[in-house]
Structures are given as C-alpha cells and as structure tokens.
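K.L.:
Sequence:
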Amino acid sequence: MSEGSRSKRLKYRSKKSATKSSRTSSPPSPILDKSEFEYESLKMLARQIKANQEAHCRRGKSSRHHHRGHRCRNYDQKDLIFQGEKNELLTIESEKNKRKSSLDRSKAIDLEIDAKTNAVFNRKNYKVIERINQGAFSQVYRGEYLVDHRSIAIKVMDLNKLSQMFRVKYIPRELKALIECRHKNVVQIYDIIRSNNRLFIFMEFCSNGDLASYIKRNGPCNDQLARFWFQQLIDALMHIHFELRMAHRDIKLDNVLLDNKFNAKLTDFGFAKDSWNESKNQVELSGTICGTEPYMCPQLMQRTQYDSYSADIWAMGVVLYCFLNAKFPFTWTNSATALNEMQNYPKYISSVFDEKVNEEAIDLVVKMLNPDEKSRITLESINEHPWLCKESSTN
1 MSEGSRSKRL KYRSKKSATK SSRTSSPPSP ILDKSEFEYE SLKMLARQIK ANQEAHCRRG
61 KSSRHHHRGH RCRNYDQKDL IFQGEKNELL TIESEKNKRK SSLDRSKAID LEIDAKTNAV
121 FNRKNYKVIE RINQGAFSQV YRGEYLVDHR SIAIKVMDLN KLSQMFRVKY IPRELKALIE
181 CRHKNVVQIY DIIRSNNRLF IFMEFCSNGD LASYIKRNGP CNDQLARFWF QQLIDALMHI
241 HFELRMAHRD IKLDNVLLDN KFNAKLTDFG FAKDSWNESK NQVELSGTIC GTEPYMCPQL
301 MQRTQYDSYS ADIWAMGVVL YCFLNAKFPF TWTNSATALN EMQNYPKYIS SVFDEKVNEE
361 AIDLVVKMLN PDEKSRITLE SINEHPWLCK ESSTN
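All letters in the sequence shown, in the order written, are residues 1 to 395 by UniProt numbering.
Treat the hints with care, since some could be wrong.
Said to hold, decoys possible - List of simulated lysine-lysine pairs, BS3-like, C-alpha gap at most 30 Å:
1) Lys116 with Lys161
2) Lys390 with Lys356
3) Lys390 with Lys216
4) Lys184 with Lys327
5) Lys124 with Lys169
6) Lys273 with Lys161
7) Lys390 with Lys327
It is worth saying that the hints were derived from the structure and are not from the lab. Remember, it's a predicted structure, so these values are computed and weren't measured experimentally.
Make a model of the complete structure from these sequences and hints.
P.N.:
Right, dumping it as structure tokens:
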C-alpha cells in the first residue's frame with residue numbers, strides 16, 4: 001500500500017462507511033442530567049483535550065467527510081494535576097489490566113471511602129454497591145446513580161501503586177481517549193473524581209460481562225451473532241481511527257463488554273495513542289511493546305517498529321477467529337512456535353478453522369491476519385467485505 005493511500009485512508013472516513021455504521025443500535029442515553037454532567041478532570045488533561053478538540057473541529061470544517069454527529073464539548077478544569085512521590089518504574093506488561101472474569105458476589109464492599117470523598121459522592125448522588133472486578137492496579141465496582149437508580153460502573157485507581165510514568169503518561173492518555181470517544185459501541189465515561197490520591201472513574205455499566213467470559217461459557221458464536229458483534233466493533237474502531245486518529249493497541253475479548261441488550265462495547269484505553277503525524281501527514285510508527293500476547297501481530301512479537309492502526313486490525317482478526325472457533329488461532333504455549341505459524345502464511349491460518357465456519361468468514365480472517373502489515377486488509381475493505389455486508393441479526 002502506498003503512503004499516499006494510507007494518508008487518505010486515515011484522513012477521511014468514507015460516506016459509505018458512515019452510512020453503514022448507522023445500522024447498529026442507538027447509543028445509550030446519558031445517565032447524568034446535563035446540569036450534573038461535569039468532569040472534575042486534571043488541568044493537564046483538560047488542556048490536552050481542549051487543544052485536541054479545537055484541532056479536530058478545524059479539520060472537520062475543512063473535510064467534506066466530517067462526521068456530523070461529532071460535537072465539541074467543554075470540560076471543567078477544576079481540580080488537580082498528577083503529582084506524587086516517585087515509585088519504582090513498572091514495566092509495561094500484558095498483565096497490566098488482568099481481570100477476574102467471574103462476578104464474585106460473596107465479597108463485601110471493600111472500598112474504604114474517607115469523609116471528604118464520601119461527601120463528594122453524596123453531593124453527586126453516587127452509591128457504591130459491590131465489587132465486580134479486580135485488576136493489578138485497579139478495582140471496578142457496581143454503583144448506583146441515586147437520581148434515577150441506574151447502575152453505573154466505578155473504576156478505582158490507587159495512584160500510590162503506580163509509577164510516575166503511568167501517572168503522567170498512560171492514565172491521562174486513557175482518560176483523554178475515554179472522554180473524547182463518544183460512540184455507541186465504546187463504554188462511555190460520565191464523571192471523574194480525584195480524592196485522597198485515588199482516581200474514581202464513573203462509567204457506563206455493562207451488565208453481561210465481557211466477551212472472553214461469554215465465549216468461555218457458550219463456545220463458538222454462530223455466523224449471525226459473530227457478524228453482529230464484529231460489525232459493532234468495526235464501527236467503533238473506524239470512529240477511533242478516522243475521527244480521533246487514535247489506535248487502541250490492546251484490543252482483545254476481555255476488553256469488549258456486553259450491555260443489558262448484548263451490544264458490544266469496547267473499553268480499556270490504557271495503551272491508546274494518537275499515531276498520526278500531522279506535520280508529515282502519515283502514520284508514525286511505534287516501538288512500544290504493549291497489548292496482550294495472543295493478540296499481538298508479528299511485528300510486536302519481533303520487537304520491531306509497527307503501524308499501530310494495522311496492529312489493531314490484526315487484533316480484531318484474532319477476535320473474529322475466536323468468535324468463530326472459541327480458541328486462539330496460534331499456539332501460544334511457545335512464542336517461537338506462534339511466530340512460525342504466523343509466517344507460514346496463508347497455509348497455516350487457512351487450515352485451522354472449524355469445519356462449520358463459512359468460506360467468506362475464513363477469507364476475511366485470513367486477510368486480517370496477513371503477517372505483512374503493508375498488505376494487511378484495511379478497515380474500509382473490511383467494512384465492505386461480502387461476509388460483513390450480509391444482514392446482521394442476533395435472532
């Protein structure tokens with residue numbers, strides 16, 4: 001693929017793609033009334049967001065393909081900037097956001113809230129109900145917005161447990177991505193509070209867990225369900241890549257949640273990055289090794305520089321393969337074996353599908369798992385692929 005075609009691909013979203021994305025379900029209504037909808041964000045983060053919004057709006061006015069649904073939003077610049085003592089440098093590991101997939105309702109609420117934080121919670125009508133997830137550096141609780149008794153998710157991060165690098169680089173980057181990304185298939189953020197050196201992120205609650213747990217319980221998806229979820233995720237990824245210029249860099253089944261209507265919602269933007277170089281009008285290659293191993297493209301495995309947008313497409317190919325086969329496409333008990341399998345293309349990947357998977361779906365996965373990132377299928381071509389153009393249905 002030429003650099004010019006790649007530039008055009010990232011600069012504009014096609015009318016056809018924008019029309020197709022409207023087929024999926026309507027976005028959830030905000031939990032918070034607009035009069036209550038405020039972000040007590042960090043000054044540094046707010047400045048970054050404001051600058052990005054202004055630049056994005058300028059691009060939108062000059063682009064005939066600008067997404068009409070986008071609005072410039074203003075965020076409060078109240079509270080604090082990330083500060084604190086230096087901790088030991090934590091390496092970027094795939095286990096960073098490791099989660100327990102099952103809901104453990106036997107555990108009592110273990111979230112200790114000081115008087116100051118509790119007063120803020122009461123003023124904003126938040127109530128913590130139970131812990132639903134435990135990660136390496138954070139916990140997630142189910143809460144309630146008492147005005148209308150809707151469930152919300154509350155992610156709690158203890159800043160004392162994080163290195164300086166994560167405080168000043170990765171956390172602001174994640175919050176920036178969450179706040180800017182207003183798409184029906186991305187988990188929405190409602191509020192941010194920093195208190196007592198802890199960060200409380202109030203988000204959309206997805207009551208049906210993650211896709212990794214779903215497939216573990218239920219096995220492979222049928223063709224219609226796989227297409228339904230995959231279309232939703234492709235729509236979200238097109239918005240992230242084309243509208244926000246960001247790459248997610250940690251797409252996996254664990255990072256796709258299901259709401260009460262079983263719509264797929266992409267989450268966890270801890271590694272998200274704007275990989276588009278404005279001045280050169282081209283992709284800026286990344287050298288950061290991040291993500292989760294079974295979803296890593298060959299370039300990440302070989303520790304070479306890579307196109308973050310193309311790496312997202314590879315990870316989505318692994319997700320689709322898992323939808324259809326309920327297993328990973330490559331042998332991850334040994335990374336060298338997995339890499340050899342990737343490079344034996346297309347012979348190996350074409351031979352490891354369940355016999356019930358149709359040929360069009362196999363063709364799409366094979367094109368997404370092309371080890372040559374320059375020849376890997378693009379998002380536009382995925383969106384126009386015959387398998388995806390069939391009517392999606394969960395029935």
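K.L.:
Enumerate the violated hints, using their earlier numbering and listing them in ascending order.
P.N.:
none
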